[in-house]
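Protein chains in written order, with my numbering: chain A, 1 to 245; chain B, 246 to 490.
In short, the hints are calculated from the structure, not lab data. Ideal placement from N, C-alpha and C gives every residue a C-beta, glycine not left out. Mixed in with the good hints, there may be bad ones.
To give an idea of the interface, some chain A residues facing chain B are shown, with a C-beta separation under 7 Å as derived from the structure [stated by the list, open to error]:
(1) Ile141
(2) Asp156
(3) Phe181
(4) Glu184
Residues of chain B placed beyond 10 Å of chain A at every Cβ, according to the derived structure [as the list claims (entries may be wrong)]:
(5) Gln297
(6) Val348
(7) Glu370
(8) Ile386
(9) Ala393
(10) Arg394
(11) Ile403
(12) Leu404
(13) Leu408
(14) Gly450
(15) Gly464
Restraint ranges, calculated between C-beta atoms of paired labels, are given here [what the hints assert, rightly or not]:
(16) B:Lys358 / A:Gln106: 52 to 58 Å
(17) A:Asp130 / B:Ala322: 47 to 53 Å
(18) B:Gln479 / A:Pro218: 54 to 60 Å
(19) A:Arg70 / B:Leu290: 46 to 52 Å
(20) B:Gly260 / A:Gln106: 19 to 25 Å
(21) A:Arg70 / B:Lys358: 37 to 43 Å
(22) B:His350 / A:Pro92: 56 to 62 Å
(23) A:Leu91 / B:Gly450: 46 to 52 Å
(24) A:Ala81 / B:Gln397: 57 to 63 Å
(25) B:Thr346 / A:Asp130: 25 to 31 Å
(26) A:Met74 / B:Gln397: 46 to 52 Å
Below are the chains, spelled out letter by letter.
Number of protein chains: 2
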Amino acid sequence: MSKPNSAKAEPSADGIRALFFDVFGTLVDWRTGVAREAEAVLKPLGFHLDWQAFADAWRDRYQPGMEPVRSGAMPFAKLDALHLQMLQNILPSFGLERISTSVQHQLTMAWHKLDAWNDVRAGLERLRRDYLLAPVSNGNIALMCDLARRNQFPWDAILGAELARNYKPMPEVYRTAVEAFDLEPSQCMMCAAHSSDLKAAAENGLRTAFIARPEEQPGMSESSPTVPVNFSAQSIEELADRLSI
Amino acid sequence: MSKPNSAKAEPSADGIRALFFDVFGTLVDWRTGVAREAEAVLKPLGFHLDWQAFADAWRDRYQPGMEPVRSGAMPFAKLDALHLQMLQNILPSFGLERISTSVQHQLTMAWHKLDAWNDVRAGLERLRRDYLLAPVSNGNIALMCDLARRNQFPWDAILGAELARNYKPMPEVYRTAVEAFDLEPSQCMMCAAHSSDLKAAAENGLRTAFIARPEEQPGMSESSPTVPVNFSAQSIEELADRLSI
Chain A
1 MSKPNSAKAE PSADGIRALF FDVFGTLVDW RTGVAREAEA VLKPLGFHLD
51 WQAFADAWRD RYQPGMEPVR SGAMPFAKLD ALHLQMLQNI LPSFGLERIS
101 TSVQHQLTMA WHKLDAWNDV RAGLERLRRD YLLAPVSNGN IALMCDLARR
151 NQFPWDAILG AELARNYKPM PEVYRTAVEA FDLEPSQCMM CAAHSSDLKA
201 AAENGLRTAF IARPEEQPGM SESSPTVPVN FSAQSIEELA DRLSI
Chain B
246 MSKPNSAKAE PSADGIRALF FDVFGTLVDW RTGVAREAEA VLKPLGFHLD
296 WQAFADAWRD RYQPGMEPVR SGAMPFAKLD ALHLQMLQNI LPSFGLERIS
346 TSVQHQLTMA WHKLDAWNDV RAGLERLRRD YLLAPVSNGN IALMCDLARR
396 NQFPWDAILG AELARNYKPM PEVYRTAVEA FDLEPSQCMM CAAHSSDLKA
446 AAENGLRTAF IARPEEQPGM SESSPTVPVN FSAQSIEELA DRLSI
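Chain A extracted, bound-state conformation (with noise of 0.2 Å):
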């Protein structure tokens, strides 16, 4: 399916000007991540958890936690806010209600510290060359700064959910993404692992990348989108392959 980095972008990467990036699963592991973090904070402390599971139950909740913003009951929050009142809500099922507060913000803290996938960074350092590259995640400018540094991401500017006071998959956050890079909607590529970021990213007017992550979490990962997109690949380098001018 990939072809040689010299070929030319295929006929529908025509016009395409800006790639935008889900972060978490589509570009790092924040499973293995968040467990290697979790147990590095907690394991000194005397806790002895599924620090898999602990990763995946604090997930579970990501969906719902930023619901409150997208309905407008609350006023926007930083992923980093919402990642906290998150964990405080699944303290009690891993025994760790007594936890401190400064505890609590160490783990928050470990969703800053997660590794990319191993095609990740050749794949964007040959995109920059043809393309503008930002993340367009609903984490927070200081959480994607932190990423970037540790995996070298070259991004262009950080877009995203802080940028537009809410989070995907509103509108407003492609919108805002679009607009920034003074660019039509059918000018960006949203790229991301899941189809319901890539539903959302189509319903405004972007093109989508599907990106497989089987790694993410085994078994519940996608392997094909379930929305029409416009490309589909196996890894950020394949992409790379396939749209390279």
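Position chain B against the provided structure of chain A, taking the given hints into account.
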């Protein structure tokens, strides 16, 4: 005044985590660049102006052009849109009242094609090792991205007016930048060639560094700050000498 790169940062740099940069004048030479681009667009159309006087006249409209947004008289509009309005205001003085809208847009893009002063790239590369770096400019995100690509500015994020939806020296521009990095104001330092910018930053609790840019507008540039500052340097390289940890 400069120290070897391996020296310890000065005591007053203690606790600084992020450096915020003014861009027009402080990092890039808008006067030469706008004059050059205006000549490139208008000379083939048969116009022969004093190109530097044209650049100066355009820039003279800069502060008053943002005032309606600051006062609340008009909603936020990106600097590109304001640059176009400012241009339209000066066209008659240069006998340019008949140029087309398309030429006006081409001229406005001159502000996306400015070159950095010689010391900037190397200085920022060194500072990036120890500090988060971001522009806190009145320029919009797309404009900042174009200048960053052209001059290889290694930004962690594009902060400033478009994120805050207001213009410096309004407090929210500095505060929004500080909050985006999850820092305290005293952990951030505003670096600029203009005392008005540094005064407002200091009033909002940020630390300040004056960068002398005598070539910005010869005869009119500040050779030293008119307000108290934490650092004063002749270049970004000198700032890196002083701040390197």
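Against the structure, the hints:
no., hint, result
1, Ile141, "4 Å, holds"
2, Asp156, "5 Å, holds"
3, Phe181, "5 Å, holds"
4, Glu184, "13 Å, violated"
5, Gln297, "28 Å, holds"
6, Val348, "18 Å, holds"
7, Glu370, "14 Å, holds"
8, Ile386, "4 Å, violated"
9, Ala393, "7 Å, violated"
10, Arg394, "7 Å, violated"
11, Ile403, "4 Å, violated"
12, Leu404, "8 Å, violated"
13, Leu408, "6 Å, violated"
14, Gly450, "18 Å, holds"
15, Gly464, "35 Å, holds"
16, B:Lys358 / A:Gln106: 52 to 58 Å, "46 Å, violated"
17, A:Asp130 / B:Ala322: 47 to 53 Å, "30 Å, violated"
18, B:Gln479 / A:Pro218: 54 to 60 Å, "57 Å, holds"
19, A:Arg70 / B:Leu290: 46 to 52 Å, "50 Å, holds"
20, B:Gly260 / A:Gln106: 19 to 25 Å, "21 Å, holds"
21, A:Arg70 / B:Lys358: 37 to 43 Å, "39 Å, holds"
22, B:His350 / A:Pro92: 56 to 62 Å, "59 Å, holds"
23, A:Leu91 / B:Gly450: 46 to 52 Å, "35 Å, violated"
24, A:Ala81 / B:Gln397: 57 to 63 Å, "34 Å, violated"
25, B:Thr346 / A:Asp130: 25 to 31 Å, "29 Å, holds"
26, A:Met74 / B:Gln397: 46 to 52 Å, "41 Å, violated"
In this structure, the earlier hints numbered 4, 8, 9, 10, 11, 12, 13, 16, 17, 23, 24 and 26 are contradicted, and the remaining ones agree with it.
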